[in-house]
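Per my numbering, the sequence shown starts with residue 1, numbered consecutively.
One thing to keep in mind: the hints can contain errors.
Stated by the list, open to error - Label-pair distances were calculated between CB atoms; the ranges are:
(1) 576 x 440: 45 to 53 Å
(2) 494 x 575: 18 to 26 Å
(3) 187 x 215: 44 to 52 Å
(4) 294 x 616: 34 to 42 Å
(5) 282 x 611: 44 to 52 Å
(6) 282 x 365: 14 to 22 Å
(7) 162 x 215: 33 to 41 Å
(8) 440 x 318: 31 to 39 Å
(9) 429 x 563: 38 to 46 Å
(10) 424 x 370: 53 to 61 Å
(11) 318 x 423: 27 to 35 Å
As the list claims (entries may be wrong) - Here are the simulated lysine to any residue pairs, SDA-like style, with alpha carbons at most 25 Å apart:
(12) 400 x 366
(13) 400 x 39
(14) 400 x 370
(15) 400 x 453
(16) 400 x 368
(17) 400 x 447
(18) 400 x 496
(19) 400 x 495
(20) 400 x 365
(21) 400 x 41
(22) 400 x 40
(23) 400 x 328
(24) 400 x 491
(25) 400 x 28
(26) 400 x 445
(27) 400 x 29
(28) 400 x 497
(29) 400 x 363
(30) 400 x 330
(31) 400 x 440
(32) 400 x 450
(33) 400 x 374
Just so you know, these hints were derived from the structure itself, not from any lab. Small disclaimer: the values here were computed from a predicted structure and weren't measured. Just so it is clear, CB atoms sit at the ideal spot from N, CA and C, and this is done for glycine as well.
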Amino acid sequence: MNRRLRAVSVLFSLCAAGAARAAEPITTAPIVVTATRTAETADQTLSSVTVITRADIRRSGAVTLPQLLRQVNGLNVAGNGPFGKLTSVFLRGTNSNDVLVMIDGVRVGSVTTGGVSWELLPLSQIQRIEIVRGPHSSLYGSSAVGGVIQIFTRRGRGPLHADASAGYGSEETYRAFGGVSGALGRGWLSLRGGGLGTEGINVSRPVLGFNEPDADGYHNDSFSAGAGYDWANGTAVRINALRATGTTRYDNFPPSSFSTPPNADRFLQEVVGGVVRLQPTDAWTVHLRAGRSLDDRTSFREGSSAAPTRFDSERISAGWQNDVAVGSHQLVTAGVDYLDDRVESTTRYDRTSRYDVGAYAQYQLRVALVDLLGAVRLDHDEQFGNHTTGNVALGYRLTKALRLTASYGTAFRAPTFNDLYFPGYSNPNLQPETSDTVEVGVRGRHAWGHWHVDAYRTGIRDLIQLDARFIPQNIGRASIRGLEAGLTTRVLGWRLDLGVDFMRPHDEVSGLTLTRRPERSFKLALDRGFGRAHLHAEWIAEGRRFDQFFDPTTFQSERVRLAGYGTLGLDLRYDLTPHWTLNAALNNAFDRRYETVFGYNQLGRTVFVSVRYSGIPWGGST
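Just need the whole structure built from these sequences, with the hints factored in.
As structure tokens, then:
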């Protein structure tokens, strides 16, 4: 670990030396709300955060959300192929269902598997993403072990106007979207629709024991709507809705006299929510939230009359949050959350619903050189009873530009409906997985840029794993040690974003490395404008990872090693006029062949060209 720290230090020193000649300063820290459920700048928060703006999304060259998330430091993506295929996201080495995900404050994900359908969420409808690393069950409850990711849909800003974009690329991929958005006095409005489709590639290799030699396509139609109004007395109302529906195809075993395995899914992703903000006094702010999310999949075999299978997850949530300022340096946050999980399926579950009620309190102090945070939460789950989690964090400013941070937090993940109720292969006596995390870090923000180095250790107990009879039991343990570092600066006119990640995700029972998580990763982005043109380059390199698969020839589970890889992406934007922009993206420029899940192909070299129109404000002029 000392050699790694020295290597990071030398690298940052070299970059900083070049940055000293930079004439253009880096922008100020963005505002985040996910880390503490209150608004603060990224400099103020005691958590490690990443904010992705709409401008970042446009210049990334990404067509789908998983492509975008691959570019984030400390976050790894594994997929059973590209374009709408099953995707897992690992934050700081924790399991994919150890990340709590919200869209506009509404919790999303499947209640049967515990995962989120990242591959089906439309990137064109996303305005902003906040990624908060580390345990946050003390604010959000179950699943916030590795961190919290909150997605915000498009919002109306500036004068009312229309905009649209259309593009086409490799594998007969197309994307088109447009909408109307903008401010209306004290209110705002956003209405957007779009579509993404592709013929795709053959996602699987014959080594898996099945291979339908065809292109596995994907189609997604999406719509989002949002509106809000702010009164002069501090009262505000906001509503949001997101809907995505379509079909994705994949490979599977051929039909037999015993079964007809599906090879396509019809899906529906839907989120509706709203929040009312009240301000009874200058020091007291109240937030009332309610929402509903739906993850609906129907699996079927094309050309077959066999009955399809359906899994429909519904999550209904509500919350009451109070923020009370005590003087000018202290803030107390307290509230209650309610979550009701339900499932409707062609599979008969022993139970089809359960609820959770959580009460939380948080204290923040900012005075002189010290920042202090403490939080505690009690969750009562209908299935497993009460569970308490907590966080404490401390920040100390060594200088105006340099700050040390340290934190300790506990978290838990409740068993899924599959774990508890799936007929024949479940265990209703399961207890939650529990974890504790220790983290220390140092951060700097200077005129030439900002940087951070964070080291952490997470221990996870009572991991839910299958026994010899394929029944889930609390028999696993894991430890994850990691070091993350990031730097943003300007060198010779180029904006440089650098991230490095060293991680040891370890199964303490088997002694093996946890699957599908690379132990090392390196991510570098360069941006520069040249008059009307703008160039973005992204290099992503990930080290080896391991995977587990079932070998149909030996009927045994096999462990395999997947080689490391590196990919280069280029995105060139040219402003034809103040309202028309031409984009050309080249992904995986060196046509590198790689896998993030054993036996499943990823895209080779691809090209995507698009044109974007940003409309003239209504009532405005050219």
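Taking the hints in turn, this is what the structure says about them:
1. 576 x 440: 45 to 53 Å: holds (49 Å)
2. 494 x 575: 18 to 26 Å: holds (19 Å)
3. 187 x 215: 44 to 52 Å: holds (45 Å)
4. 294 x 616: 34 to 42 Å: holds (37 Å)
5. 282 x 611: 44 to 52 Å: holds (49 Å)
6. 282 x 365: 14 to 22 Å: holds (19 Å)
7. 162 x 215: 33 to 41 Å: holds (34 Å)
8. 440 x 318: 31 to 39 Å: holds (37 Å)
9. 429 x 563: 38 to 46 Å: At roughly 41 Å between Cβ atoms, residue 563 and residue 429 fall inside 38 to 46 Å, so the hint holds.
10. 424 x 370: 53 to 61 Å: holds (55 Å)
11. 318 x 423: 27 to 35 Å: Holds, since residue 318 and residue 423 (Cβ atoms, about 31 Å apart) stay within the stated range.
12. 400 x 366: holds (14 Å)
13. 400 x 39: holds (21 Å)
14. 400 x 370: holds (12 Å)
15. 400 x 453: Within the cut-off at roughly 17 Å; holds.
16. 400 x 368: holds (11 Å)
17. 400 x 447: holds (12 Å)
18. 400 x 496: Holds - the C-alpha atoms of residue 496 and residue 400 are around 23 Å apart, at most 25 Å.
19. 400 x 495: holds (23 Å)
20. 400 x 365: Cα-Cα ~18 Å, so holds.
21. 400 x 41: Distance of about 15 Å is within 25 Å: holds.
22. 400 x 40: Holds, at about 18 Å.
23. 400 x 328: holds (20 Å)
24. 400 x 491: holds (23 Å)
25. 400 x 28: holds (15 Å)
26. 400 x 445: holds (9 Å)
27. 400 x 29: Roughly 14 Å separates the two Cα atoms, so the pair holds.
28. 400 x 497: The hint holds at about 22 Å.
29. 400 x 363: holds (24 Å)
30. 400 x 330: It holds: about 21 Å lies between the C-alpha atoms, which stays within 25 Å.
31. 400 x 440: holds (19 Å)
32. 400 x 450: Judged against 25 Å, a Cα distance of about 13 Å means the pair holds.
33. 400 x 374: holds (24 Å)
Comparing the model with each earlier hint shows no violations; every hint is respected.
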